[in-house]
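Go ahead and model the full structure; you've got the sequences and the hints to work with.
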Amino acid sequence: MAILNRIESAIDESIGRRRLGYALLGLIILFFLWFPNDASQSNYAKTVFISGFFYAIMSSSWALLAGIAGQFSFGHMAFMGIGAYVAGLVARDGIVFASLGIGITAESFSAIGTIIIGTLIAGLVGLVIGWLLLRLRSAYLALFTIAFSELFRIMMLTEYDYTGGSNGLSLRPLLQIADIDAARQVEYYLMFALLIVCLLAMYWVANSPIGLFLRAMREDEDAASALGVNVVRYKILVFVFTSMIVGLAGAIFYSDVGSERIIPEQLEVLQMSLIIAYAVIGGMESLIGAAAGAFISRYLLEAMREVVISLPLGLTLPDGSDAFVWETGAWRFAVFGVVMVFTLRYMRNGLLYPIITWFSGRDLAMQETVAKRDDDDDLDEQAGASDE
Amino acid sequence: MSDINLLLNRVSKRFGGNQAVDHVSFSVTKPELIGMIGPNGAGKTTLTNLMSGMLKPTTGTIYLNGRRIDGHPAYDVTRAGLGRTFQITRALGRMTVLENMMVPGLAHRPRARRLDLEERAHEILGLLTIDHLTNEYSRALSGGQRKLLELGRLLMLEPSVIILDEPFAGVHPRLQETIYQYIHRVHEDGKAIILISHDMDAVFELSHRLLVLHHGALIADGAPQAVRSDPAVIEAYLGHDEDD
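Protein sequence lines, in the order shown, are assigned to chains E and P. Using the working numbering, the first residue of the first sequence is number 98, and each one after it goes up by one. Using the working numbering, the first residue of the second sequence is number 30, and each one after it goes up by one.
Rather than coming from a laboratory, the hints here were simulated on the basis of the structure. For every residue, glycine included, the Cβ atom is placed at its ideal position computed from N, Cα and C. Do not rely on the hints blindly, as some may be mistaken.
[To be verified] Residues of chain E clear of chain P, computed beta-carbon distances all greater than 12 Å:
hint : residue
1    : 110
2    : 257
3    : 402
[Said to hold, decoys possible] Only pairs whose alpha carbons sit at most 20 Å apart, straight line, appear in this in silico DMTMM-like list of lysine to aspartate or glutamate:
hint : chain 1 : residue 1 : chain 2 : residue 2
4    : E       : 332       : P       : 105
5    : P       : 85        : E       : 318
6    : P       : 85        : P       : 61
7    : E       : 332       : E       : 318
8    : E       : 332       : E       : 317
9    : P       : 59        : P       : 250
10   : P       : 85        : E       : 403
11   : E       : 143       : E       : 403
12   : P       : 59        : P       : 259
This is the structure in structure tokens:
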């Protein structure tokens with residue numbers, strides 16, 4: 098313990114925690130840039146990373162919505178689905194305004210055009226849902242968004258002629274690269290770039306006056322309102338902003354970048370629960386924490402599909418092998434559940450929170466707070482006793 | 030009407046069968062320091078919520094600095110120049126003291142330089158003797174320190190009318206003294222203050238004028254000494270003799 102304290106002091110006195118944190122972040126980014134160039138990495142590994150980037154966008158944007166703005170929504174996957182389905186429908190059918198006699202054929206739209214329309218429609222639906230949710234808080238907000246999410250999923254499942262039902266809907270491929278290895282590499286960088294751009298955009302919002310107002314709203318809507326914050330505007334704004342982010346991520350991911358088609362199964366409440374779980378494990382009040390939580394969780398869930406167990410003490414199986422493969426199936430989710438229970442019970446700010454606060458230096462400030470408040474606490478207790 | 034900061038005209042609020050506020054009319058001109066008293070359930074908090082935009086009146090009109098504000102949302106009323114504190118302190122717990130100050134600062138002056146607002150926040154926190162807690166989470170503050178923080182946030186709004194709801198409740202005498210000084214200073218700066226408190230000594234000592242509510246109605250409005258001897262007020266607080 099003494100050694101750790103000395104290392105901590107040495108860091109504080111030399112480079113400083115914050116700078117060390119930025120340096121570490123830089124190294125992590127360099128690792129992700131290098132990874133697909135490593136010849137030993139398979140396309141499967143790159144696919145796992147692409148999926149990790151996608152879920153990192155989903156969880157970090159949910160962290161902005163729920164962790165920072167306090168809007169505990171279950172509709173995030175539905176907004177992602179809106180972005181993807183709209184992009185797919187526009188790519189297949191174009192846009193027709195029958196009453197005006199105007200139509201734009203599907204061929205007129207590029208893949209990027211369909212993604213933009215999918216993103217805008219996701220934002221538009223976010224606007225409507227945000228407006229409908231204005232008077233709802235906590236459990237009611239969660240129930241409303243579950244209902245909305247299920248309604249959308251069932252619509253996509255049952256309107257087979259339009260959406261392809263359970264078979265899903267293909268979007269226009271965003272990249273058309275014949276070579277599979279090269280394609281995977283470009284897809285990897287595209288998804289990684291999207292994650293970085295989304296994180297930067299969200300980080301900018303979270304650290305701007307808007308972010309301050311969102312956090313005030315999370316803490317106490319009435320108090321924020323009494324302090325001059327237009328709660329209605331910021332509530333709608335955060336819904337529109339996060340809906341557009343996940344709509345964009347969905348439209349790109351399912352444009353044959355991470356997956357070749359969007360299926361209603363992706364919109365199930367279970368999938369939404371996973372997004373929330375990733376954010377909670379990483380730290381739902383931290384965009385980086387939630388993104389890292391999602392990426393690491395996705396990677397570990399994938400790595401745990403097959404676990405090789407070596408037998409100890411020279412034991413062998415009847416076939417002579419000294420190890421066997423355990424196909425974990427649903428059990429890996431059980432392990433994930435245990436981690437979730439542990440996090441909620443002992444580390445409610447997420448497993449990465451201590452690391453993030455250490456690098457930011459906030460833990461020092463909090464220790465000082467406790468010491469500083471003690472004097473006045475004692476005085477207040479005396480005052481309370483005398484009032485009674 | 031140009032000298033009037035706040036004008037209530039026959040304001041009422043009904044919740045189902047309960048008449049919480051009953052045709053209340055009064056005006057506040059700066060720099061008045063007004064006490065508002067009444068037994069529990071008299072309608073003080075409801076009236077505060079009506080004035081600050083938290084509730085919409087059933088009938089009646091409210092003007093603030095010449096602008097009609099009844100039915101307007103709370104943030105709009107705040108920006109129009111009315112600031113309030115809450116009976117139970119509502120510090121933004123998982124935000125630092127400085128962030129608590131910056132919320133009203135940025136809401137009120139969105140184009141101001143952040144550094145200027147931070148400087149102003151430090152100045153106010155210094156006045157309230159809690160500048161040493163600037164970077165601490167407000168959930169970690171003591172009850173008294175939170176009261177001071179609420180008062181500090183009000184000054185960031187630069188309101189012309191301030192409603193203080195039970196500012197002395199549960200606060201140590203040393204911090205109460207700071208609040209006294211705050212009230213005097215804000216009043217000297219030319220702001221109108223409505224002070225709601227069950228601490229009669231404080232109300233009578235500080236106020237130049239008293240409003241007394243009973244069953245939602247305004248039963249007295251005048252100088253503290255005159256109100257003290259008003260039979261309607263005495264009856265509201267002590268009840269009437271059953272033999273009468």
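How the hints compare with the structure:
no., hint, verdict
1, 110, "holds (20 Å)"
2, 257, "holds (45 Å)"
3, 402, "holds (38 Å)"
4, E:332 to P:105, "holds (16 Å)"
5, P:85 to E:318, "holds (17 Å)"
6, P:85 to P:61, "violated (25 Å)"
7, E:332 to E:318, "holds (10 Å)"
8, E:332 to E:317, "holds (13 Å)"
9, P:59 to P:250, "holds (16 Å)"
10, P:85 to E:403, "violated (62 Å)"
11, E:143 to E:403, "holds (18 Å)"
12, P:59 to P:259, "violated (25 Å)"
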